[in-house]
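Given chain A's structure and the hints, the job is docking chain B onto it.
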Amino acid sequence: MIRWLTEAVPRGRVAAFRTLIYLFVAADLVVFTPWVRTRASVPGELYHPLLVGRVLPLPTPTPTLVAVIFWALLLLALLAATGRAPRLLGWAVCGLYLEWMIIAMSYGKVDHDRFGLLVALAVLPTAGRARHGDTTRTEAGGWALRVTQIAVICTYFLAAWAKLRFGGLDWLTGSVLARAIIRRGTDLADLIAQVPYLLIVAQFGIVAFELLSPVVFLLPARWRLAMVGFFYSFHVVTVATITISFAPHLAAMTSFLPLERVRPLVWARRLIGRGPSEAATTDAPEPRPADVDPVPADQDPVADGAERTLDDQAPVVGRPAGP
Amino acid sequence: MENLTTRGRATRLGATALGLVLLLIGTFWGSDDDFPFGPFRMYSTSNPPNAPAPDTRVEGVNSTGAVIDLDQDATGIRRAEIEGQQQRYAADPALLAEVADAYAERHPDAAALVEVRIVIRWHGIRAGRPTGRHTDETVVRWQASR
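Protein chains in written order, with UniProt numbering: chain A, 1 to 323; chain B, 1 to 146.
The hints are simulated quantities; they were obtained by calculation from the structure and are not laboratory data.
All clues stand as given, with none of them false.
Every beta carbon over 10 Å from chain A, so not counted as near; a handful from chain B, in silico:
1) 7
2) 62
3) 64
4) 65
5) 67
6) 90
7) 109
8) 112
9) 114
10) 115
11) 137
Simulated coverage check for chain A against chain B, where a stretch passes if three residues somewhere in it have a Cβ under 8 Å from a Cβ of chain B:
12) 3-14
13) 50-62
14) 112-121
15) 159-170
16) 174-185
Glycine residues also receive a C-beta, built at the ideal position from the N, C-alpha and C atoms.
One chain only, chain A, in its complex shape (with noise of 0.2 Å):
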């Protein structure tokens, strides 16, 4: 149990992971949840603190406390994702992101997206320095995507448990789908609803995928991500019908991908190098181990198992595919 916790990954998948989730933060100040800065106007008459709010001494939140916080948040989260000082900027980021969602959420409305994205902010400073293409594996960062994977599967299984809790088993019967549509859904719901009983059998598949959604820790390599790519799905289709992202638990479910894969400033800098000169291959610097092109994605993840005593983390990238 406790080598599955802190099963090793590659220092570049931690990298990527980092700078994914510290630009996530950046985008959600100014585009996923923008109404925070308006709390700036709303009266302080109408803040409510949370119980966090109340055991710790936060004040009520002023026009100057909102515009401090959102701006150092910005910068410092901009920093963060550099991969500099991952523990300093790390804590920091945690801290300020903390108190900003506990203004969000006390006036009277608290949202249930961010916990996978709150764990990811708390263990990231944990995991340590980490360079982007870097193949050695570390455990201190296995340890980081790990509970970050089992944050975002909580918030599936125990959404279940809180619908029996709340709603009981009348919920799988009941209108909820086609309440949530009259409040908030799109032309494509309008006609979803029409369908007569499909909202009542997509309740019965909701509370199944959620209660199921555990078995992704159990499934090989290959599959585990087919059901994150299904678990994806299921985001795209209440984006398109209630218009609910849950983006930060979207941000966070990248936990579960061989993101060391995805090397942006790689392929732009050869993209570069080769677009104007033919001179490219004897001019550009010889690239270093760490920055060789990934494997192909369908040769990868099974080839090597034989070798891997632990594979429960996704496939790596840069080790030798097999025989």
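Chain B only, in chain A's frame:
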């Protein structure tokens, strides 16, 4: 390969266990107040297949008599937050003056609001499907004293 020390491993195991225990306590006995360890109760309440669905909105009347939609863009207050604090507004309708203030803050040049009300549009539902019919109900009303 970068290995953890025995202590590093134990600390991580402990932190994982603590986080899971808090989350389970929150899920079984907690509420939204326990964020971030509260229950994941999005869309978890059960509604009978034929019960009408509420669609809440906040609207205001300005000094010229025009009805203004006071949505999140107009006031910075989210609809779910109005619903979350609806009991407070019902107990003390004067609190809706705060909504008028939030609107004035964001629209300094607009005509002042003389009335703010929370209106619920009840949509009919049959066998889990919308019927397309609805009725409006004003649940809280505040009028500026002049």
